[in-house]
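2 protein chains.
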Amino acid sequence: MHKIIDIKNLDQISIIGVGLLGGSIGLALRAAGFGGRRIGVGRRASSLQKALDCDAVDAVTQDIAKGVSGSQLVILCTPVGHLDGLFARMAQALAPGTYVTDVASTKAQVVRMAERILPVSTRFVGSHPMAGSEKTGVGFARADLFQLSTCILTPTGRTKPATVRWMRRFWEALGCRTVVTSPDQHDKLLARVSHLPHAVAAALVSLAVPDSAIDLAGPGFADATRIAGGDAAMWTDIFRTNRQAILQAIDQLVAELHSFRQKLDRDDAEAIMKWLTASREARDEWISRRYRKKVLPP
Amino acid sequence: MHKIIDIKNLDQISIIGVGLLGGSIGLALRAAGFGGRRIGVGRRASSLQKALDCDAVDAVTQDIAKGVSGSQLVILCTPVGHLDGLFARMAQALAPGTYVTDVASTKAQVVRMAERILPVSTRFVGSHPMAGSEKTGVGFARADLFQLSTCILTPTGRTKPATVRWMRRFWEALGCRTVVTSPDQHDKLLARVSHLPHAVAAALVSLAVPDSAIDLAGPGFADATRIAGGDAAMWTDIFRTNRQAILQAIDQLVAELHSFRQKLDRDDAEAIMKWLTASREARDEWISRRYRKKVLPP
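Those sequence lines, one after another, are chains A and B. Mapping of the first sequence onto the numbering used here: position 36 corresponds to residue 37, and the numbering continues sequentially without gaps. Mapping of the second sequence onto the numbering used here: position 123 corresponds to residue 124, and the numbering continues sequentially without gaps.
Hints are supplied without guarantee of correctness; some may be wrong.
Since the list gives no way to pick one copy over another, a pair counts as held whenever it fits inside one copy or between any two copies.
To be verified - Simulated pairs of lysine-lysine, DSBU-like, Cα-Cα distance not exceeding 35 Å:
| hint | residue 1 | residue 2 |
| --- | --- | --- |
| 1 | K264 | K136 |
| 2 | K275 | K136 |
| 3 | K67 | K264 |
| 4 | K189 | K136 |
| 5 | K67 | K136 |
| 6 | K275 | K189 |
| 7 | K275 | K9 |
| 8 | K9 | K264 |
| 9 | K275 | K161 |
| 10 | K67 | K161 |
Hints were generated in silico from the structure; no laboratory data involved.
Make a model of the complete structure from these sequences and hints.
Right, dumping it as structure tokens:
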């Protein structure tokens with residue numbers, strides 16, 4: 002059931018923060034047939050002007066209350082660190098029944114914050130569209146950024162099922178496959194498949210600097226560390242807002258490396274081979290599952 | 002000084018092992034203007050036939066002594082584990098003055114072995130062309146595989162400078178930028194920028210399997226773990242032939258992760274940000290250096 006019509010029927014959507022993600026949402030909305038107004042809200046006039054120039058939004062304002070008023074959907078696309086203040090400032094201006102979501106990469110803290118600050122009449126559910134790149138800014142925004150990507154929605158006991166259904170259709174209209182899980186489970190799993198790999202990439206680069214080892218690195222190293230090119234401030238926020246799960250994931254990785262170290266130390270060819278084969282197969286299966294899911298309709 | 006003419010003047014080159022690398026050398030030789038015979042040597046008739054079908058070689062044999070006889074250059078492109086026996090079997094058949102190299106990813110053991118087994122009249126120097134991918138087999142061979150890649154040559158005190166110069170020109174004719182270092186230094190540095198990242202990628206996949214966390218992984222995870230898709234047998238060989246340096250690199254990574262863990266545990270935003278920024282900048286500088294070197298002539 003792919004009710005794109007829901008989106009076409011909306012009059013106005015507000016995007017708070019028009020960078021790579023916010024800008025891409027604006028472009029994807031237009032591509033998906035949304036005919037209403039897209040309001041861009043931001044702090045810097047220059048970024049807002051760029052968003053207008055890219056046709057990512059139809060109108061802009063630096064005033065958050067003005068920016069959300071009259072919208073049926075508000076999407077927060079700012080760094081996690083700014084969400085606290087934004088929720089507070091928009092709380093008074095939201096009409097009852099307004100759908101609200103965010104795109105933060107960590108969910109437990111953000112969702113707790115939203116549920117504490119936003120009026121109960123607000124239809125809030127957290128989102129994490131797993132799209133984007135190490136690039137930042139509306140200049141890199143693309144209408145197809147969400148095509149074939151996964152968006153994780155994180156309702157709580159307080160979220161109405163109808164709100165989750167509505168928000169799923171919204172992301173699906175932009176091209177996402179949607180998955181639903183709790184904020185805590187999201188953070189626990191993402192610590193292992195996103196936040197830890199980021200920290201590891203940064204660590205691998207650190208290790209490669211002495212003796213100019215990095216000058217002998219090849220394309221494998223470039224791929225393995227690409228995510229270390231991401232925005233340092235954004236990733237500092239992500240790490241800090243998912244601290245416990247990441248600390249635990251680091252400990253798990255160290256244990257895994259220790260186990261490999263033992264296999265290598267005792268020169269156990271069979272055990273090394275078995276370990277590498279299991280990883281290779283798990284990754285291959287994942288890639289083919291992703292691919293299969295991608296070519297089928299959501 | 003780009004004496005491609007050296008290669009054009011050779012009569013015959015033998016490639017032992019016609020997989021992705023060996024096959025690509027064959028194709029690149031033809032593309033670089035080599036007009037002599039390319040002899041493919043291998044164990045399986047089916048692989049040799051494929052190499053002929055791809056025009057990666059001009060003639061094939063399963064007999065190593067026959068395969069190297071009459072060649073001015075012999076390039077070993079087999080897994081590290083087979084080199085021992087191959088050196089021994091070809092030793093008698095090599096004409097004095099034959100240039101010999103290999104493409105193994107670890108060098109200290111291989112070079113020691115070659116210098117112990119090959120006749121002193123052989124002009125041997127180890128090579129490590131940093132090209133290839135997680136793909137294997139001559140079916141993926143490409144004439145431009147070496148274009149813009151780095152080839153590390155690893156002479157010892159026993160290697161004549163003229164042999165190193167000759168072999169550099171050979172790789173440069175195939176499109177490589179060449180770097181010269183000792184076998185031990187090669188292995189020490191590659192442990193950090195190639196072998197450790199490979200083990201880490203496998204470890205990250207292992208960690209992502211429980212609770213189906215991997216199903217929430219995105220393109221960043223796919224890039225960070227791409228190298229874990231590599232051939233398990235080949236990588237087991239690489240790990241085992243560079244054991245000490247890899248054990249040390251694991252310890253260094255664990256120390257680096259521990260240091261990040263402490264920053265995160267005490268919620269030190271400034272220290273996390275500084276660490277991420279340093280990694281990001283080091284990687285950016287490396288990427289731009291690589292790019293600069295690549296567009297200039299070697």
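Status of each hint after checking the structure:
1. K264 x K136: Close across copies (25 Å), not inside one copy (39 Å); limit 35 Å.
2. K275 x K136: The answer is between: 19 Å across copies meets 35 Å, while 37 Å in one copy does not.
3. K67 x K264: neither (62 Å within a copy, 40 Å between copies)
4. K189 x K136: both (25 Å within a copy, 33 Å between copies)
5. K67 x K136: within (29 Å within a copy, 55 Å between copies)
6. K275 x K189: For K275 and K189, the Cα distance is within 35 Å both inside one copy (27 Å) and across copies (25 Å).
7. K275 x K9: So K275 and K9 fail the 35 Å test inside a copy (52 Å) and across (45 Å) alike.
8. K9 x K264: neither (58 Å within a copy, 47 Å between copies)
9. K275 x K161: neither (46 Å within a copy, 42 Å between copies)
10. K67 x K161: This pair counts as within: shortest intra-copy Cα distance 27 Å, inter-copy 77 Å.
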